[in-house]
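Chains V and L supply the protein sequences, listed in that same order. Numbers 1 to 243, taken from my numbering, label the letters of the first sequence in order. Numbers 1 to 326, taken from my numbering, label the letters of the second sequence in order.
Watch out, some of these pointers could steer you wrong.
[To be verified] Computed far set for chain V versus chain L, every beta-carbon distance over 10 Å:
| hint | residue |
| --- | --- |
| 1 | N39 |
| 2 | A51 |
| 3 | S60 |
| 4 | W62 |
| 5 | V68 |
| 6 | M94 |
| 7 | E178 |
| 8 | P221 |
| 9 | E223 |
| 10 | I231 |
| 11 | Y234 |
[Said to hold, decoys possible] Straight line, CA to CA, 25 Å or less: simulated BS3-like cross-link-like pairs of lysine-lysine:
| hint | chain 1 | residue 1 | chain 2 | residue 2 |
| --- | --- | --- | --- | --- |
| 12 | V | K143 | V | K157 |
| 13 | V | K123 | V | K143 |
| 14 | V | K143 | V | K89 |
| 15 | V | K123 | L | K163 |
| 16 | V | K229 | V | K214 |
| 17 | V | K143 | L | K83 |
| 18 | V | K89 | L | K188 |
| 19 | L | K31 | L | K188 |
| 20 | V | K89 | V | K175 |
| 21 | L | K188 | L | K3 |
| 22 | V | K175 | V | K123 |
| 23 | V | K123 | V | K157 |
| 24 | V | K157 | L | K188 |
| 25 | L | K188 | V | K123 |
| 26 | V | K157 | V | K229 |
Calculated from the structure, these hints are not laboratory results. No experiment lies behind these values; they were computed from the predicted model shown. Glycine residues also receive a C-beta, built at the ideal position from the N, C-alpha and C atoms.
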Amino acid sequence: MTPLLETRGVWQRFGGLIANSDVSISVGRGEIVGLIGPNGAGKSTLFNLIAGVLPPTQGSIWLDGEDVTRLPAAERCQRGIGRTFQVVKSFETMTVIDNVIVGALVQTTVMREARRKAYEVLKFAGLAGRADVLASQLIPSEKRRLEVARALATEPKLLLLDEVLTGLTPIEAQKGVELVRRVRETGVTVLMVEHVMEIVMPLVDRAIVLDLGKVLVEGKPAEIVRDPKVISAYLGDRHALSA
Amino acid sequence: MDKNFAQRRRRDLVVAAAFAVVAALVPLFVKDVYVQNIMVLTLMYAALSQSWNILSGYCGQISLGHALYFGIGAYTTALLFTKFGVLPWFGMLGGGLISALIAMALGYPCFRLRGHYFVIATIVIAEIALLLFQNWNFAGAALGIDIPVRHDSWLTFQFTRSKLPYFYFALVLAAIAWLVTWWLEDSKWGYWWRAVKDNPDAAESLGVVVFNSKMGAAAVSAFLTAVGGSFYAQFVSYIDPESVMGFQFSLLMALPAVLGGIGTLWGPVLGAVILIPLTELTRSFIGGSGRGVDLIVYGTLIVLISLARPEGLVGLFSRRRKEAVR
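Throw the hints in and build the complete structure from the sequences for me.
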């Protein structure tokens, strides 16, 4: 079976800087995959390439067996890639429900239907009580939830989560973890960028570690955290030796 | 909650219908031609500002060059009528379509610009068009076009004895612009536009084709604006470049919406009802020394209102905002 998402030999250069070099990863249906790595490893760049914010310098991106490398972001969303942003990008002058309706309109143009769908998703994300509040009045953790809800309303096959759990209090983060699990239970595949290892490792089925723009290792979380290469990438060589 | 929303939409319709009926009855009591003239202009600017609001308020692409579309509407109607004997009704439609096409042709390069750069482009383009028309001999160059007055007739849309037909037509125009906005507000386009205004990147990630959204808004906005321009040409029977394409028209379309509440359904109407009579009155009573004083008066007014109500005058009536404060 073809994987849901595949990147084949993806390169991204920004002038002299190589953000991604020869990155080939694949994500299977129904998986929760963590994309981790120290700052500047190229996680966000890879994310943007998959979401279609910019085309890769070289290489190709495949969704469900189709080449989507040249498709713009909006069309990739219509094909089933939903995403959140690391720095939340709510529609601030719109209400919470209206924010989600924008996403729901990918699947239907019947307003009544889109509105119903949006309420459903808000309930799922635990924001139903805030539906008629302006997005600008949400607290940060609620805004993160709104990002997820909005993306879910597009009914994605693949959900890209960009540091949705970072910077939350432990209780909020725990709720976030539960939300991601419930998302997977609905049949959505999740690829998440995170750099707080403690939070992601128990959640993901598999982790891919990027370092200096390349795939360093990938595998089960338990193996990853003990891998000397990963430890050295995160903490430096001295710690790797002592481990 | 779904019910609340549907109720609010219906209430808007009922209120609008009530306003329209009241407005339609006003001329029965107000016979003064000068006042009727102001009423016609108020309704016309309500319609124009509502059209402007679609592109600039809802979609967030601030245009200060809408005089271009207003002028194209006026010129299309006047040229077709005087040179080819085409009835103004077809001129109205033709002007609207030409404007919509031009708006999209201009949007193609300009919508790549963001924020202030887009605004500057709209101003410059309208000024260029003004200069072109001032030198276009076929269209009367700087002298403009005198539309010959024949008999009072709905066919040629000319009325010399009474302002009332113009008044009712302007009322219908304002009602149409309002209804179009009302309808678009709860449609895919309406949501796309607001999303584009608030955050284009996020919009794109949710399947919104930002460029097409802007093009759609520009086309609708330009079409309605041009229809207003066509109406104005017939109303005043004489047009020249400065009197239909001058920068002040761009401002007069933007200001009511900004004053009343940009990106809102009622903002343009509310703004026009306050601003246009004020403009006309200050112009006739204290504007003798030039056209500066009226501008000072409503400049001051706008500053005061934006200090007190940054979201526009509709903020005074807004239920949603009160709810929103938890």
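Quick rundown of the hints versus the structure:
no., hint, result
1, N39, "22 Å, holds"
2, A51, "6 Å, violated"
3, S60, "21 Å, holds"
4, W62, "19 Å, holds"
5, V68, "14 Å, holds"
6, M94, "6 Å, violated"
7, E178, "24 Å, holds"
8, P221, "28 Å, holds"
9, E223, "33 Å, holds"
10, I231, "34 Å, holds"
11, Y234, "29 Å, holds"
12, V:K143 with V:K157, "22 Å, holds"
13, V:K123 with V:K143, "15 Å, holds"
14, V:K143 with V:K89, "9 Å, holds"
15, V:K123 with L:K163, "56 Å, violated"
16, V:K229 with V:K214, "13 Å, holds"
17, V:K143 with L:K83, "60 Å, violated"
18, V:K89 with L:K188, "20 Å, holds"
19, L:K31 with L:K188, "44 Å, violated"
20, V:K89 with V:K175, "21 Å, holds"
21, L:K188 with L:K3, "19 Å, holds"
22, V:K175 with V:K123, "14 Å, holds"
23, V:K123 with V:K157, "20 Å, holds"
24, V:K157 with L:K188, "22 Å, holds"
25, L:K188 with V:K123, "22 Å, holds"
26, V:K157 with V:K229, "32 Å, violated"
Hints 2, 6, 15, 17, 19 and 26 from the list above are not met by this structure, while the remaining hints are.
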